[in-house]
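Please build the complex by placing chain B on the supplied structure of chain A, with the hints as guidance.
Protein chains in written order, with the UniProt record's numbering: chain A, 1 to 254; chain B, 1 to 254.
Just so you know, these hints were derived from the structure itself, not from any lab.
Careful, some of the hints might be misleading.
When the alpha-carbon atoms are kept at most 30 Å apart in a straight line, the in silico DSBU-like pairs for lysine-lysine are as follows [stated by the list, open to error]:
1) A:K42 x B:K42
2) A:K147 x B:K50
3) B:K147 x B:K42
4) A:K42 x A:K147
5) A:K50 x B:K42
6) B:K50 x A:K50
7) A:K50 x A:K147
8) B:K147 x A:K50
A few chain A positions that, by computed beta-carbon distances, are all more than 12 Å from chain B [as the list claims (entries may be wrong)]:
9) R31
10) S77
11) N178
One side of the interface only, derived from the structure: several residues of chain A facing chain B at Cβ under 8 Å [what the hints assert, rightly or not]:
12) G51
13) W194
14) V206
15) I210
16) D216
C-beta atoms are modelled at their ideal positions from N, C-alpha and C, and glycine is treated no differently.
Protein chains: 2
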Amino acid sequence: MAAKSPAKSTATTAKESAPTGQDTGRRSTARRSLVTRDVLEKATLLFAEKGYETTTLQDIAAAVGVSRTALYHYVTSKEELLAMLVEQMSVALADTLAALRAREDLTPEGKLRELTDMLVRQRAESPQQFRVHDQTESALPEPMRSKHRQARRDVLSALSAVIEEGIDRGEFKPLDPNVAAFSVLGMCNWVAWWYHSGPDYDIDAVARQISQSAIDMMAADDATRAPADSAKAALATARSSLDALERLLPTDGA
Amino acid sequence: MAAKSPAKSTATTAKESAPTGQDTGRRSTARRSLVTRDVLEKATLLFAEKGYETTTLQDIAAAVGVSRTALYHYVTSKEELLAMLVEQMSVALADTLAALRAREDLTPEGKLRELTDMLVRQRAESPQQFRVHDQTESALPEPMRSKHRQARRDVLSALSAVIEEGIDRGEFKPLDPNVAAFSVLGMCNWVAWWYHSGPDYDIDAVARQISQSAIDMMAADDATRAPADSAKAALATARSSLDALERLLPTDGA
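Next comes chain A alone, as it looks inside the complex:
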């Protein structure tokens, strides 16, 4: 039972006694990080419900079920909670995506699949965190705000780089890589707005469909898939579309 819901059972322990010294060692560190996660989750829900500005540390302590004094063992300010949210939602993600981008064992398609799968699952797991994180950007104190913005740029550039790699190899259509990256991000991020775990959606199926959609919108047509130079391919596609147009339009005088 305890093994099944460690976060919950640890939070209960924390209510009884907050860690006081070095006697508990490694176990205390693990417990501390679980309680901190619980605090962060409760705080995020409050920020989402009441707004960041109007939420107090007292509200957060009450939601976690500890006294305000006990809460101070874990966080000392709302700003610190925001900083943790940024760290979790963008900095850590940006690092993971950068590492994925650099992997040499994956094709651009393989990388795109992994990237989108990871994004969809993270948004589905922490929808409130993602939305609050997005809404509170303007409340972030420095240097958190710069760190957050840099992480956002890093996520975008990892995704754009994978798309550009696919275009260069003739595997992806010659799309605008930034617009394509934003489209994929939008598709994945939006999961935080609509996904609810439950019988309606199976997260594995959702992640699979969205990843496949991202690949399908990039994939070069079979005709243009050859590593032939892409300008030539684009010109050929334009010409055949114009041919189709000619056939479809009424002839002169008709």
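Below, chain B without anything else, positioned relative to chain A:
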């Protein structure tokens, strides 16, 4: 000059004298709606910057450049402004999409192209309105909240219905229509987060690429796919190819 910037010149007139009776007739109605639009825009920016809760009618009056008494000719409460935002951002859109869905002269692909084009352009034109509208959902008083939720469901169901129609006709892949609809909505809605008018992005090219991406992620494999079915579709494909070509060719003098 006045004809070039009616909203601005009318706003100036409003500062001098708010409409007082039925003497101005139709002109007054037009002016009123322009000023109201200006008020709504300014209010939205304030909601985005300061938060809905902390913005006062006095702040809004100051931003518009009128007295609070003059503002009362146009709006009587913040709730009324929120209601207008809902009307503009979701109810009107839901109606337009429902009408588009019912058009018999368009294939599912043609409908999807029109729907996404419309969504992308609206998000690009009113990014703050869309984001504030999304963030303030919980602040909406009844019956606005229900109206807003119904409109959101209507937008989703119009899009899902078009996708289902495409699947039934064998033109689209047999995807989960709701997940596919949310993916398309995410891709379009996200424009409100990243698009800035300016030299970086041409809105026509952006709308074209996103619409084409939505179609490409739905389209059944070539084996089951119908040929370009409308002049508009052929033209859109030709234009996307030309956009790609433009990006691929070295710039002048390079």
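Hint check, failures only: 1, 11
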